[in-house]
Each structure stands twice: as C-alpha cells, then as structure tokens.
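Protein sequences, first through last, are from chains W and U.
Position 42, counted from 1, in the first sequence is what this note's numbering calls 42; the numbers after and before it change by one each time, with no gaps.
Position 237, counted from 1, in the second sequence is what this note's numbering calls 237; the numbers after and before it change by one each time, with no gaps.
Everything hinted at is true.
Which chain W residues stay away from chain U? Per the calculated CB distances, all over 10 Å, these:
hint, residue
1, Phe-22
2, Tyr-56
3, Gly-89
4, Val-117
5, Pro-119
Each pair of labels, with its calculated beta carbon distance range:
hint, chain 1, residue 1, chain 2, residue 2, range
6, U, Glu-71, W, Asp-226, 15 to 25 Å
7, W, Pro-136, U, Gly-194, 15 to 25 Å
8, U, Glu-71, W, Tyr-34, 19 to 29 Å
To be clear, the hints were calculated from the coordinates, so they are not data collected in a lab.
Bear in mind that the values here come from a model prediction, so they are computed numbers and not experimental data.
Each residue gets a CB set at the ideal place from its N, CA and C atoms; glycine is no exception.
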Amino acid sequence: MNWIRKNIFGLGLLAPSIIILFVVSIFPMIYTFYISFFNYYLPRPNRAYFIGFENYIEILKDGMFWLAMKNTAIFMISSIGLQFIFGLGLAILFYDEFRGRSAKAFYLPLILLPMMVAPVVVGYVFRLLYLTEWGPLNYLLGFVGLGPYSWTASASTSLLSLVIADVWQWTPFVTLVLLTGILSISSELFEAADLDGANLWQKVRYIILPLITRVIAVVVLIRMLDSLRELDKVYILTQGGPGTSTTLVTFWSYLNGFKYFKVGYAAAMSIILLIVTIILATGMAKVLHKEEK
Amino acid sequence: MKKLLITFLLTVFCFAGIANAKPEPRPTFDGVTVTAALHSGPFVNAWGPHVKRIKELYGINLELVGIPVNELYDKSILELSMGTGAYDIVQYNPGWVGDYIDFMRPLDDYMDRWDPGWMDIHEGFREWENTYGGQRVSLTMDGDVMIFYYNKNMFEDPKEMADFKSTYGYDLAPPANYDQVLDIQKHFQRDTDGDGTIDQAGYSDPIIKRGRGQYPYLMRLFAYQKEAGITPNYFDPDTMEPLINTPEGVKALQNYVDTVANGVPGMLQWEWSEAHTCFMTGKCASLIHWPDEGLMTAAFTANTGSAMGFADVPSKANMTCGGWVAGVTADSANPEAAYMVLDYILGPDVSTHVALYPGGGTDLFRQSHFDSAVVKMIAPQEYLDAFDSAIGDIVGELRIPGGFEYYDSLDIQVQKALAGEISAQEALDQAAENWKKITKSLGADKQKEMYAKAMGY
Numbered sequence: 001m002n003w004i005r006k007n008i009f010g011l012g013l014l015a016p017s018i019i020i021l022f023v024v025s026i027f028p029m030i031y032t033f034y035i036s037f038f039n040y041y042l043p044r045p046n047r048a049y050f051i052g053f054e055n056y057i058e059i060l061k062d063g064m065f066w067l068a069m070k071n072t073a074i075f076m077i078s079s080i081g082l083q084f085i086f087g088l089g090l091a092i093l094f095y096d097e098f099r100g101r102s103a104k105a106f107y108l109p110l111i112l113l114p115m116m117v118a119p120v121v122v123g124y125v126f127r128l129l130y131l132t133e134w135g136p137l138n139y140l141l142g143f144v145g146l147g148p149y150s151w152t153a154s155a156s157t158s159l160l161s162l163v164i165a166d167v168w169q170w171t172p173f174v175t176l177v178l179l180t181g182i183l184s185i186s187s188e189l190f191e192a193a194d195l196d197g198a199n200l201w202q203k204v205r206y207i208i209l210p211l212i213t214r215v216i217a218v219v220v221l222i223r224m225l226d227s228l229r230e231l232d233k234v235y236i237l238t239q240g241g242p243g244t245s246t247t248l249v250t251f252w253s254y255l256n257g258f259k260y261f262k263v264g265y266a267a268a269m270s271i272i273l274l275i276v277t278i279i280l281a282t283g284m285a286k287v288l289h290k291e292e293k
Numbered sequence: 001m002k003k004l005l006i007t008f009l010l011t012v013f014c015f016a017g018i019a020n021a022k023p024e025p026r027p028t029f030d031g032v033t034v035t036a037a038l039h040s041g042p043f044v045n046a047w048g049p050h051v052k053r054i055k056e057l058y059g060i061n062l063e064l065v066g067i068p069v070n071e072l073y074d075k076s077i078l079e080l081s082m083g084t085g086a087y088d089i090v091q092y093n094p095g096w097v098g099d100y101i102d103f104m105r106p107l108d109d110y111m112d113r114w115d116p117g118w119m120d121i122h123e124g125f126r127e128w129e130n131t132y133g134g135q136r137v138s139l140t141m142d143g144d145v146m147i148f149y150y151n152k153n154m155f156e157d158p159k160e161m162a163d164f165k166s167t168y169g170y171d172l173a174p175p176a177n178y179d180q181v182l183d184i185q186k187h188f189q190r191d192t193d194g195d196g197t198i199d200q201a202g203y204s205d206p207i208i209k210r211g212r213g214q215y216p217y218l219m220r221l222f223a224y225q226k227e228a229g230i231t232p233n234y235f236d237p238d239t240m241e242p243l244i245n246t247p248e249g250v251k252a253l254q255n256y257v258d259t260v261a262n263g264v265p266g267m268l269q270w271e272w273s274e275a276h277t278c279f280m281t282g283k284c285a286s287l288i289h290w291p292d293e294g295l296m297t298a299a300f301t302a303n304t305g306s307a308m309g310f311a312d313v314p315s316k317a318n319m320t321c322g323g324w325v326a327g328v329t330a331d332s333a334n335p336e337a338a339y340m341v342l343d344y345i346l347g348p349d350v351s352t353h354v355a356l357y358p359g360g361g362t363d364l365f366r367q368s369h370f371d372s373a374v375v376k377m378i379a380p381q382e383y384l385d386a387f388d389s390a391i392g393d394i395v396g397e398l399r400i401p402g403g404f405e406y407y408d409s410l411d412i413q414v415q416k417a418l419a420g421e422i423s424a425q426e427a428l429d430q431a432a433e434n435w436k437k438i439t440k441s442l443g444a445d446k447q448k449e450m451y452a453k454a455m456g457y
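Please work from the sequences and hints to get the whole structure.
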C-alpha cells in the first residue's frame, strides 16, 4: 500500500497507457485464447459450446492449414531473401552517395516511396500491372520477346506475383535499416581496406556483413513477422488462388474467422500463429545474444 | 437514331417513375431513419433516385450504405450477430438465408396488410427465394438467372458451320449439353492476330475466379445429374451424403477444367466484367451469363456487327448463381418503416424503373416487368422468351446454415482442379470431406432438416 501511495503520481501517468493496452491488446488476446476452446459459429452465438482442444487438433489435421503454412514459408523466404539482396545492394550504393556526392537528397526519398504506400493500394496497382492482356508488365516484356504471362491467373506464377509486389514495397525499408547499419561502421575500416587494395566484394564479405549482423537479424525478424501477417496483397491480388497457390496462413485464418465465422477455430489458429511467432522471435533473439557475446 | 430514341424514352421513363409512382395509402413515419445495407455501386445507384420520393411519401429518411459485394455477407452478419441495430434492411443472396434467418423479421403480417405485389413476383423466384420454414422473410430485388448468349454471325457463318460439322459430326448450334460447350470452345479458340497468343474463345463461363467459381461447376453438376435421370441435388436428402464427388460430379468438373483450359490466357481470373467484355467485343463466341446482356443488344451489334442470340443453358439446368433479396432485420428499431421502403422500391410500380436503371444491376423479376411496354421496346422478344423460360429451370441455392462455407470450401477445391494442382476426382473427394465436416460441426440432424426445408422436400 505504501508503495502505491508513494508512486501514485507515476501510476496515474501510466494508467491511461495501461488501460488502453489492456483494452486493445491484452484482453482481446486472453479472450481469443478463451474462445479457442469453443465451437463458436458467429451466426449462432448463443449456441457456442466448450470443446476443449478439439479446434487445435482439427487445425493440426487440416491439410489446408499445412498447405497455407508451406505457402507462407515459401513466400517469406523468397520475399525476404530478395529484399535482403536488393536492400544490401542499394544500401552499399547509397553509402557511397553518403560519403560525398549530393544526389542522395534526391534519390533516397524517391526510393523510399513504395514503403509509404498502403499495402491495399500496392495490391490494386499490381493487379493492374499484372493484367494478362492489357497489363503494362506483359506489354514491356513483349518488347524482349517474353510472355504474355498470366501472372495472377496461373498457379505457377501467382505466388511469384505476390513476392514481386512485396519485394517492391519493402526493399526500401530493408535498404534504410541496412544503410543505417553500414553508416555506423567506422570509415577508417573502409579506408584501411582501400589501402590494402580490397575490392567491393571483399569489403562486403569481411567488413560490412560481420559488423552489421545484428542489424540484419533485426530487419529479418521484422520482415518475418510482417510476412507472417501478410493479408492485404493476397486479398486484393489473388484471393488465395488460383487454386490454393497463394493461400497464406493469415488468409486462411481470415477466411475461417470472417467468412465462415468459425470464430473458435480461427481463434485457435491465431494462437498457433502466435506460438510460431514467439518461436521465430526467440530464435532471432538468440542469434543477437550470441553476437553480443 | 433508334438507339438515341430508346435512351431518351428510357431516361424519361425512369424519372417519370420517380415522380408518378402512386402506391396505395400507407402509414407515414415522419422523421424516422431507415438504413439499408446494399451492394455498393449498382444497387445503391438504382435506389438512390428514390430517396427523395420516399421522404415525400412516408417522411422516412432513407440512408443507403454501400458495401462491396465480396464483403456484403461478412459485414452484415457481423452487425446482425452482434445485435448492433446498424441496419434496418439488408440485401443478401438467397443462398445465405440459413445464416441470416435468425436475424431477419418474418414479413407475413406486413405483407398481409400491405401487399407488395407478392403474386406479381415471377413464380420462378417468388417462393423459393423469399420463404423459409413456411414464412415470407424477404422480397426479390434482382431476377438473376443464367442465359446462353451467342454471336449469331459466328454461329451462322456457313464456313464455321461446315468446319464444325466435319470435325464434331453435328450441327453448330446453341449447345444441348456441356460436352457440346467444350466442342464450341475448341472450335472457336484462335489466335486471330497471329501473335502466338490465343485471343479468341468459343465460350466463357460467367465467373471463374476464386470467390464464386463454384457456380459453373454446380450448373454442370446439375446438368449431368439431369442427364443421368437424377434430380439435381447437393446432398442425398436422406443421408446428407454430398453428391458432388459422384461420377456426374467428376464429369462436371472435368468438363469445367477442360473448357477453361481451352479458353484464352488469364481466364482463371475472370469475373463478371471480363466474361461480359469478352462476349460484347466479339472475342468470345458465346457466353453463359446473367440477364444483363439482353438489354444491351444495340451495343453488342455496334461492337461486333452481329445480332445477339439467346438460348437455354445446356440441359436446362439453371441457377441464379447469386440472386438478391432484401429483408427487414429483427433488431430494426423501425421495422414497419423499413418494410414500407421495400414495399415501395420493390413493388410492381417502382421496381420496373429500378430494373431499367442504367447500370443498376437489377434484372427483371416480376411478371409485370415482362409485360411492360417499355421493356418490350428495349429487349428483343427472343431474349424475353429465353429469360422467362430460364426462370422455370432454376435449381435453388444451398439455403442452409453454413451455405457460404459449403460454397467457399467447394470453390477452393474447384480452383485447385482448374489450376491443375490436383485431379477433378481428388478435388471433389476433398470437397466432399470438407462438406461432411461442415455438416458435422453444424449438427447433422439439424442440417438435414434445414436442407429438406430449403429444397422443398
């Protein structure tokens, strides 16, 4: 009691944040966990009943869930891989710019623009770009004798279409974070490397990558978590199709919760996703911790 | 000149309708607000011009909330199940009624007191779309049904006819079954500009894209069931065993897969507008679609130089493939006022104007629409006959709880087969398994009872 009386002012200042956090985050999470044990069909809310772990068992037996997880993993790995490669390349390019030339003032904001666009808008823009007959992408590819491709209408290219849109949107973010990491490296190291006659690849391999490992881990972790909850572009571009080729796990969860109204089932899927997220985050935290040691 | 005259008369007619429609004396509701959740775009546009007149006649402030068609089900169910009272009127697909019914108000009392022209609603829609468990719960707002359209120039070209006959051994004509649809597809599939890409198709289904792609499969299923002498059905009504993965079902899906595969690139992503455009620009020789095109014959001829042909869908196995009704919500604070709005807009007088509203998305659904002099002036008699005949062949939507999920889980598997991920048999076996799971989770006995009610057994 004394402690509360002593800290009443501080607690009063914290209270609004704690209340908001509880209302918009903690309570929904607890409630999600609670209803994940119910057969809860939203159009019949009064007929919900307790079924223990049945939703979890059903999800683990659900072929669509595993297919969605597989699609998500492919999407995540290819998308983040490409973002990292392009992001690192651009960061190195901009690092050179930062070291003297002034074009950075023009190019850097320009390249960051995709990141500012709402994912839904990105979805709509790419939907137009990917049109088979009238899409600009096929039109341009036609000049080099390629295509036309049914980008989002073919099971073999639809996931790639999502990856391209995601890479376009989020490479700037990866670039920005990696650039910050490179800028934190002492310029003396690069000068010494120049004196030793190191080429670009040697500088990347022996200076940049080892010294920005933690930055890389952070940006990869952020992008992994983003990829796990990717929904907008799937919704706008493909609706999970053709077939199930672009059904990512969040879209499957969305369908169950907001289209089929199997709220208990969708809640259990969210909890499973939360566990996957925690495992990924913990894994990355261990990488960071190891680097610190 | 004729086109100009028709446009002028149509415009005058639409606006005259707003001013002159004289419903029977009805109560007034001064200052009461009625909120209607409608399919954004066409339906909001078509209802919009009547807001002012409703205010004048009944004192009702009608607020129209437009919801994108793909979100209409989930947004309205969310509001209704939470009991927010946000909407007094909701527009829904009759196939969703199993999920809506607990949240809708039976309209028998109102209809008995103020007849909305019930018997004038085309008999092909009247009962099955609007009654549930013996009660009237909605009013038809759109006369959806499928019509086979074809390009007469292409179908009646002597060379095409001779080539077709020599290849397939029978005359080129509107198809009697879906095997013939596939032949037509293959026959007209061409690279017309020689750029190495197929740009002309013989046929397009109304919607193929994920979301509503199950409909072309279901129409084929019912067609093959009819051909095999089986009454069209989703389930065995005695056991609730799904009938989608039967030999008829597999033939149906295989035909659908082959037809799309022999179309034009990108067809897998086609929705209403792509199929419509393909036919209206002469890039598809034929099309199964909703009745909209029949009121656009002038535009079709201007684009293609051909007359538009109309016929029954293959095997006369028809569906609304959606369709729209509107009802009054159970938690409406002003149900009588909400009913008056429906009675006014969907009643015999005004609904003709709504149905003819350019781009209004509403197809003829009352007998009086078919008898209307203005309709007869715009639409070819051949079209009206085909339309009228098609309504008589409708197999009802799956009007049981979980209807949306049954359809969607079927669509997922159909899409997998269309995309070549799995075979037709595998897709339908999986879909049937999913249907069994849905039935089990919603209570097999209850579902059986609801299915019997919905199908009129």
